[in-house]
Structures are given as structure tokens and as C-alpha cells.
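Same order as they appear, the protein sequences are chains C and D. Per the working numbering, residue 1 is the first one in the first sequence, and the count goes up by one each step. Per the working numbering, residue 1001 is the first one in the second sequence, and the count goes up by one each step.
Simulated from the structure, these hints should not be mistaken for laboratory data. Treat each hint with caution, since some may be false.
[To be verified] Once the Cα atoms are required to be at most 20 Å apart in a straight line, the calculated EDC-like pairs of lysine to aspartate or glutamate come out as:
| no. | chain 1 | residue 1 | chain 2 | residue 2 |
| --- | --- | --- | --- | --- |
| 1 | C | K468 | C | E493 |
| 2 | C | K508 | C | E452 |
| 3 | C | K87 | D | E1184 |
| 4 | D | K1406 | D | D1420 |
| 5 | C | K467 | C | E223 |
| 6 | C | K536 | C | E584 |
| 7 | C | K352 | C | E587 |
| 8 | C | K468 | C | E542 |
| 9 | C | K87 | C | D221 |
| 10 | C | K281 | D | E1195 |
| 11 | C | K87 | C | E535 |
| 12 | C | K87 | D | E1194 |
| 13 | C | K468 | C | E532 |
| 14 | C | K468 | C | E544 |
| 15 | C | K508 | C | E544 |
| 16 | C | K467 | C | E452 |
| 17 | C | K536 | C | D221 |
| 18 | C | K87 | D | D1420 |
| 19 | C | K568 | C | D414 |
| 20 | D | K1406 | D | D1372 |
| 21 | C | K87 | D | D1312 |
| 22 | C | K87 | D | E1205 |
| 23 | C | K87 | C | E584 |
| 24 | D | K1381 | D | D1312 |
| 25 | C | K352 | C | D421 |
| 26 | C | K281 | D | E1193 |
| 27 | C | K281 | D | E1194 |
| 28 | C | K87 | D | E1193 |
| 29 | D | K1135 | C | E584 |
| 30 | C | K258 | C | E320 |
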Amino acid sequence: MPVKDPEIVVIGAGHAGCEAAWAAANLGVPVLLATSDPANMAQMSCNPSVGGVAKGQLVREIDALGGVMARATDAASIQFRMLNTGKGPAVRAPRSQSDRKLYVQAMRGLIESHPHIRVIRAMVSALEVSGGRVRGVVTSSGQRYCARAVVLTAGTFLNGLIRIGDRSFPAGRAGDPASEDLAVNLKALGLPAMRFKTGTPPRLDGRTVDYARLVEQPGDDTEYFFSFFHRAERLPQVSCWQTRTSAETRRLVLDNLKLSSLYGGYVEGRGPRYCPSIEDKFVRFPEREIQHLFLEPEGIDTREVYLNGLSNSMPHEVQERMVHSVEGLEQAEIVRHGYAIEYDCYDPRALKPTLESSILSGLYLAGQVNGTSGYEEAAGQGLVAGLNAARALQDRQEVTFSRTESYLGVMLDDIVGRGVDEPYRLFSSRAEFRLHLRQDNADLRLAPLAYELGLIGPEQIAVVEAKKALLARCRDFLSRTRVSPERINPYLESVGSASADSWLSLEKLLRRPEVSLASLFGFLGPWEFTAEELEKILPQVELEVKYAGYLDRELARMDQLRRMEEVKIPPDLDFSAISTISHEGRERLARCRPSTLGQASRLPGLTPGDLSVLMVELGKHGRKRPAG
Amino acid sequence: MAESRYSTRQSGREDTIVAVSTAPGVGAVAVVRVSGPLAWEVGEKLAADPAKYRAIEPRRSALMTLADRARGHEIDRALVVKYQAPASFTGEDVVEVQCHGGLAVPAAVAGAAIAAGARQAAAGEFTLRAFLNGKLDLAQAEAVDDLVHARGELDRRLALQGLGGSLGGLVGSLRSLLLDLKAELEYGIDFPEEEPLTGLSARLESGLCRVAETVEGLLAGARRNLLIARGVLTVIAGEPNVGKSTLFNRLVGEERSIVTGTPGTTRDAVEMEAMIDGVLFRLVDTAGLREETGEVERIGVEYSRRYLVRADLVVFVHDVTGPVDRAEKSFLAGRDTGSLLRVSNKIDLLQKERKSPEGFIPVSAVEGTGLDELRRAMVEKVLPSAPAGPDGDSFRGPQVASLRQKNLLEDALAILRRVDPGASAEYIAADLQEAAERLSEITGAITDEQVLERIFSRFCVGK
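Construct all of the structure, not just a fragment, from the sequences and the given hints.
Now the structure itself:
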């Protein structure tokens, strides 16, 4: 084993744990990655898919920051789709169906080959703490590991409790044991625990599905890579399939509500509104009698199929009847039943923006333990936690991410600043600067920082610099190159645009709604750009030219936000002593402990009066007001 | 610098402040307000009969004698009202004294309050306290500002409507309509695989239309409201010696401009205020408009021209006994008739058979004839055909009461107008968000330091 004395212990090797270990190790810090089962590393506990709206952008950001998720996704992708192609580049989002086994394999290969990461099979049962600092961990077999920092990425394992109908049993995930001792230990250490719940649908044996009666959903033909820097071999592509519930499905669900864990009154934890169980869907939206279901293959060489849309916590026999009531699934056999799972997580308002606990120094938390959901959200947090844990050990400055720069920043600001009251998921609508936070420019936004931090190397940054130069060259070319009316009018006529009566620059032409860069270049010839080059930058250039006004306005608002963010709130400021802030406002501030005025301004329930008193109070503390 | 402004105001938050809350020298009654934890005690020290003062219940007024007990003399007979925190304008304990107006009495009351332990309030301090105690949202705060500036009756009504928060209510509902529409767009963006919403583009179109129309309606009244709020700048213009100053003095109601028979006596513009039917006019008597003249007078004429540019209303005076004025053509060319009144002066010198020209209001400034008609015409120019509401009152409903509100509404309208319904949802959503944010700035739901700074720097002492 190359790693002798770990400096950082990462508890859990899920999506958060892997990124945390990888980021810290990339900074040269020895990492011990503890998992209950290395064969389940980066397991997709729910649907076999990575990316989607906002999440796809986040995966690209993780890649730009030197993370591993995009690489594993590319290596395991068996279907690719670009979502929102009918809309603008800012909200287009890549999504991949993954071969579950290949994903684990790819991730395991990367993690285990890293010279600074040592993977052990162990359940951590307690943290070793002295003097308000974490000093290491103890495993269930009594083994002690010293560490200067610990990253907790235990997912749904802490006090995990699976519920199926009126039955319940402790488990971290179907087939894996729960972490009960560690949950007790963390509570005793003063971490503010909450109870959340999530659920998963049944998996079917694909051989028993009547595909002829389902609607095929093939992927895109285009080849796409989530990673900016690495190229994986393209796997054979498969289709997903769509079907729908019947009147009988609905009747079965409503008639058996009492038997469901959720509606039988068994579940205490809060579930996500955006990912409702089938019970929820039929109860809360009675006008929608039919629900769409999607069959997602779990891999190339497995017959297992994920039945997206039928998440439930009914007893097994009811689940079987529900499945059989669906068109095309009359004979389908369930490989694994759906279930609900409740687990402990901790109020993320007790975290610093670095994801270090403000209660226990040296402890970092990432992923579902922070009340979020989603592989991508977990991975992004893992990266931030691992990065900052390593930098703290190296006595380097902490790294935080702003809402103005990344979805990662949006997520961190949301959860740490405002807290969560259901499993948190990223949406593009959470990002107020989303015209800038695109999947196509994540590298331009974040790679320079990643390079500076040592998360990516010279080879990678060179790729980004080249793209930047290409963009500049293309913009310059468009503004410089003018065409005569004779030359361009046939084209303008063909796209239904008014004819030109004088020489016009390509940029001017491109501003016309009917003119697209692809068709324009297609007509004029390739000029000095290769098709491959154009493909890299086309959407970006088009957006920048056509929607310059929107981008400029967003930039202005970013500046405004940055000014507010520059106003720091001292961590020791006693909000409860500011008697002139309304009672509610004080409570809200004390609970969320915003670290900047900008963060405070986004707190719901804080009146403008409260905010101005806060400003006044900060002024009293001798704060330097930023210029402007 | 902004910081010092906030911190000085803030430094004395717990103490008790006093100020005369009505404009100095105007009105028969003045209001002196004391606010803070010691307000009631300060009031008691002002009362000639402390027992009677103590017996007043909150929000009940009592007539009593005020005395400067330190100096041992009476100040005034005044109405005193006590308000108990938090049920007061500032959210603190408050005593309000309604005493005789003018300069001396209110100053004596405030002085006695200071002697009794209060501190002179800083500019905007009452409103800041109210604002910080959550008693006023921003729109209401501005309305208070306007109320204190208000000298005309109409003005007061506008301000009172702002106080009721009705503009905030209406704007708030527009804002939530925009956010509702935005939510529908976001649904389509974030959940591309769910069933798309039907009829969204129609809802978008009608929703945007509704918001734009409402904002337009508010803006239509805004120009008039702002005119009323700051007073109508009215320039009396015309050739030398046509009787501008005499007319000016008539309208102002006192001998103010020097009136002689020598052309060019009024070398500087003179500004005075006149209240006509509840509308405040800021009347300007200018040097006569004449092309070639001496140096000093030329400066005066230059000054007049500058006033003409800024004028809300021009009263062009012509000597009915003289020749047709060149001035009308050369100085008033291009001026829209909506802000112009023509007056034929000196009709007392007119021979019976001759009439004043068409479109001119016949007046004799010397004899005072025709003035009522002129005044009526002036008011009508300001409140032209403002459509009366069902109950005959055109000022019912939410009103725009400040330039800031007007600017924000205009911004919001411009944003809504640029929405391209054919654009991709994220661009429409960006516009809706921006428009909603502008509207939010009116009600104070979204704000930042710069806005607060601008608002509070406008407040004068004692609100």
C-alpha cells in the first residue's frame, strides 16, 4: 500500500466520497477512503443516469475542476441525450444513461490507481475528537486511524431505515448495512440531525417485458463527452422505453394506501417534492389519472431494468400487482422491489462555505448527509470538501465558490446560507446567472482556478486556453469580415431574412433572428475554421452575438451581487443582541448565520428593515465599505 | 460617505428625539413630535399641569397649556396626543404636540423638549426609525416624505394614499403575476420530459398585456402627481412692461416684485409660491423678453430663457393696447399648447369696441379683473381632463407619488415591452425576473444599500 499515514479519512465511497478523496489526493495529501464494500464504490443507488438540467452543467463543472464524475460517466455511457435542444444554449443539458457496473468499474479503476488514495473495507463507528477538533476515526472492528481531517460522505447510511409496507429494517441501501453507531456518535458530538426520506422504484427483469407494446426512446446520434479533457471509448448505445399506468394501477395504489409506508403513517422523514412516489402522484394530483413510466436499462450485459416513475413503498405483493397493471409489463418479473428509505442528515446551516462543520473543526460533510439528493450534487460537494480539507492541512487559503461563477456555487450558497427543508436538488431556475453558467463554458469558467489550485495540470489548461483563443479568433473574424449584398442576398433569401443593400459584417448578419452561424458558415464555406473547431464554439459564439443584451444585463447584476458578497459578516457577530432587528429576523439570522450581506439578503423572512439594521450594525463593527 | 451617514443616525437609536414635523412658517397649526423611550416623560415636563397630562390615554388628544418650566413662562395652548410603542408612527413611544404655527411657537416647544431631555432629530430620523422598526415599507416611507413636503390639499391626498400602501399592494400583485408566469416557463426548462404546459404562450401574452396596461395606467397619472408633489413651475413671460410683475404680485397676493413703468426693472427672476384650488404653483416673474438690450438686462433675459425651458406652465403676457408681440413667435415657438396660457393684460385701458385677441384670457392685473378665470385656467392645465372615477374622484386608487417609483415603473415597462414571445424560455424568464425585481423595489421587498441611501438622503428634519 502506497499510503502509510493518512492525513485525511473519507468515510464512504459514494459519489461524494470518491470526488473528495480524488481532489484531496490530487493536492498531494494522503487519503484513506473507508467503505463498507469497495465493490459498491460510486454505486448508483437510484436511477442509472447522470446529468440532466442543471445537474449536467454541474458534472461539467466538476470536470473542469479536475473531478472524476464526467470521466466515469463517459466510460459507462450507453445512451446520451442533450435535453432542451429546442431552447437556448444556456439551458441545454447533457444526460447519460449509464451502465451501472461499468460506472462502478471505471470509478474504482481511477480511485484505486491513485497513488495517494488507499481504499479500505471498514465501517467507521465513531470519530475521535479532542479539543473541539477531529483527530481520527474508529472502525467497527476497533481499528483506529489518526487523521487531521475527516470527510463524512455517508449518504443514506446513517441510521438508514428501509421501509416496505409496514415492514422496516435498518439498512444503508438495499443489501448494505446501516451505520448506527456512527449516527449515535455524531449526534452526541452535537451535529444538528434531521430526518429525510427518499424512495426508489422496482427493478424488472427485462426478458419479461413486452417491448413491442412500449414506445422506444432512442438516444441522440451525436457523440458527446462530459469530460473536457479525456476521451472514452464509445459503448454500444441502447434505448429507453416509455409506457404508462392504467386505471387499474391507480385503483391499486389508492385502495392500498394504508399498506404503504408513506401513507400508512410509518415514515417520519421528509421526502422530495420534485421526485414524488407514485402514491404521492395519485393522491396529490387526482386530475392526472395516467402517469408516464420510463424503463431505463441498467446496463449492456444485464437484463435489469429500472422502472422510473413507480417509486413506492408498498408491500411486495401490491407492487407486483401494480407492475402487472401497466401496459407491456403484464408478465414482468420484479428483480428488486421498490422501497422508501429514511436516514439521518445534518442541517447544512451548521457548515462553513468550505463544507467544514462549524461545530467540529476538521470535520467536513458532503452529499446526502447535508440534506441534498442526487449523484451530481453529492459529487460537487465532495470535491469542495476534499479540496478544502486538503488546503487547510497545507495551511492554504480556503476556496469558496460564488453563485456568479458556477452551479456549484449556487448549491453551496443555497444549502449553507438558507438550509434545506426537503432533499435539495439543483434546478436551472435556482441559478440567477444561468445564461453564463452553461455546460459549454464550464471549462472557461473554472479551469483557470483549477489549474491555479493544482487540480488540473498544464496539459488540461492548455486545452482550455486553446479554446479560449479559438473563441476570440472567431468573434474577431465575425466582426471583421464583411460581405457584399450580391454575395449574401441569396443566403438571406433562403432563410427568409430581408435582403441587404450594403456591405455587412458577419456579426451584424448573425444578430438577425433568422440567421444561424451554422447555416451562415454552411453557405459561405468553412472559411478558416474546421468543422471540429466550429462544433466546440458554435453555440457559445451564437449566444454571445445574438443575446449580448441579456448577457450584459446579467453581468451587471453579477457585479451588484459581488458588492453585497464583499460585505463580510463577522463569524462572531451576535445576531440575537441586535434588538432592533425584528424577532423573526434575528431568529432567522442566528439559525442561518450568513457570512456575507449578500447571503443575508437572500434569506426569506428578513425584511428590508432588518437588512438595513444589519448594515448599520456592520458599519458599527468598523467594516470597510467596498468602494462604489 | 454612506457609512458615516448610517452610523451617526444609528448611534443614538435608544435616545429620545424631537423635531418640528411641519414645514417652517407654513400653516396655522404646527406639529412637534417627540419619539423615543423618554418621550412621555419629556411631554410631562412640558405640561403646565402634569397631573392632567398623565391622565391622557394613548391616542386621545387633550387641550392643555404648555410651559417652559425652567424659564417659568407659558409657551402655548396646544393639543397633546400620546402614542404607546409599538402602536405609533416610529414604533416607539411618541408624543405629538399640535401647537400654533409660525416660527416662534413650534421652536419654543421643541426647545423646551430638548431642555427636558430630548435631542434634536437628524434628517429623516423619524422615518428611519419607523423603517427600521418595520413600520413602513419603502413606498410608505416615501409617501411620508411627500406628506411632509405636501402643502397642497391634493398633494396631501396623494401622500395619504401612498401611506395606505395601496400602490405597494397593486405593484405586489403585478409582481406575483410576473413570477407566476416565470414559474411556468421554469417548469418547461427544468422538467423538459414532463408534459409541456398548454396555452402558455396565450397566458404569457395576456399576462404581460395586463401588467403593462396597469403600469401604463399608473404612469399616466404619474406626471400629474409629481407636478403636484413638487409644485408647478409657472413662468410668467412676455415683452418688457406688459405688466408681468403686476400680474405676478396679484397671483402671489403681495407686493413682492418691484413694479415700475420703466421697461426692464425685473432683472432677476423672482420665484414665489401660490396655492390655487389646492394646487401649489411656483410662480416665476422673469425679466422681459427682449432681443437687444444692456448687459445686465441681457443676463436677466438669458435667465428667463433658461426658466422657460424648465417650466411646467408658461403664462405668456401680452399688452392688449400694444402691437402684436414678436416675442410670442420667437420665444414660444414650438412650445406645446398644453403647457401654455396666453393672457391679454391691461384690458382696463382698452377702448370699449376693441376686444382682446382670440385665445387670450383678458385680464387687468391693475384692477384685478379676469384673475379668477386665469386661476381656473391654470388649474385646468395641470389637471386637464383627468378622468374622474366612478365616484367623481380621479385620485382614487393607487398613485405614483415619487420620481423613484415612476422611474422604476418605466424601467419595468420597458423590460416588458422588449419581451420577445418567440424567444427561448430562458430569455423571457430573465426579462420577467428583471421586471419583477424593478417592481419589488417599489414595495421594498428587494432592496440594496444604494436605494436606501438615495431615499434617506432625501428626508428632511422631523418626520
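Against the structure, the hints:
1. K468/C <-> E493/C: 33 Å, violated
2. K508/C <-> E452/C: Distance of about 37 Å is beyond 20 Å: violated.
3. K87/C <-> E1184/D: 15 Å, holds
4. K1406/D <-> D1420/D: Between K1406/D and D1420/D the Cα gap is close to 24 Å, so the pair fails against 20 Å, i.e. violated.
5. K467/C <-> E223/C: Holds: K467/C and E223/C sit about 19 Å apart, inside 20 Å.
6. K536/C <-> E584/C: 50 Å, violated
7. K352/C <-> E587/C: 19 Å, holds
8. K468/C <-> E542/C: 15 Å, holds
9. K87/C <-> D221/C: The given pair, whose Cα atoms are some 19 Å apart, holds under the 20 Å limit.
10. K281/C <-> E1195/D: 14 Å, holds
11. K87/C <-> E535/C: 17 Å, holds
12. K87/C <-> E1194/D: 15 Å, holds
13. K468/C <-> E532/C: 15 Å, holds
14. K468/C <-> E544/C: 14 Å, holds
15. K508/C <-> E544/C: Status holds; Cα separation ~12 Å.
16. K467/C <-> E452/C: Status holds; Cα separation ~18 Å.
17. K536/C <-> D221/C: With Cα atoms ~17 Å apart, K536/C and D221/C stay inside 20 Å; holds.
18. K87/C <-> D1420/D: Holds: K87/C and D1420/D sit about 14 Å apart, inside 20 Å.
19. K568/C <-> D414/C: Given that 20 Å is the threshold and the Cα spacing comes to 17 Å, the pair holds.
20. K1406/D <-> D1372/D: Given that 20 Å is the threshold and the Cα spacing comes to 33 Å, the pair is violated.
21. K87/C <-> D1312/D: Roughly 49 Å between the alpha carbons, so the hint for K87/C and D1312/D is violated.
22. K87/C <-> E1205/D: 19 Å, holds
23. K87/C <-> E584/C: Not OK: K87/C and E584/C at ~41 Å, beyond 20 Å, violated.
24. K1381/D <-> D1312/D: Holds, because 10 Å separates the two Cα atoms, which is no more than 20 Å.
25. K352/C <-> D421/C: 18 Å, holds
26. K281/C <-> E1193/D: 16 Å, holds
27. K281/C <-> E1194/D: Holds - the C-alpha atoms of E1194/D and K281/C are around 13 Å apart, at most 20 Å.
28. K87/C <-> E1193/D: Roughly 13 Å between the alpha carbons, so the hint for K87/C and E1193/D holds.
29. K1135/D <-> E584/C: 15 Å, holds
30. K258/C <-> E320/C: 17 Å, holds
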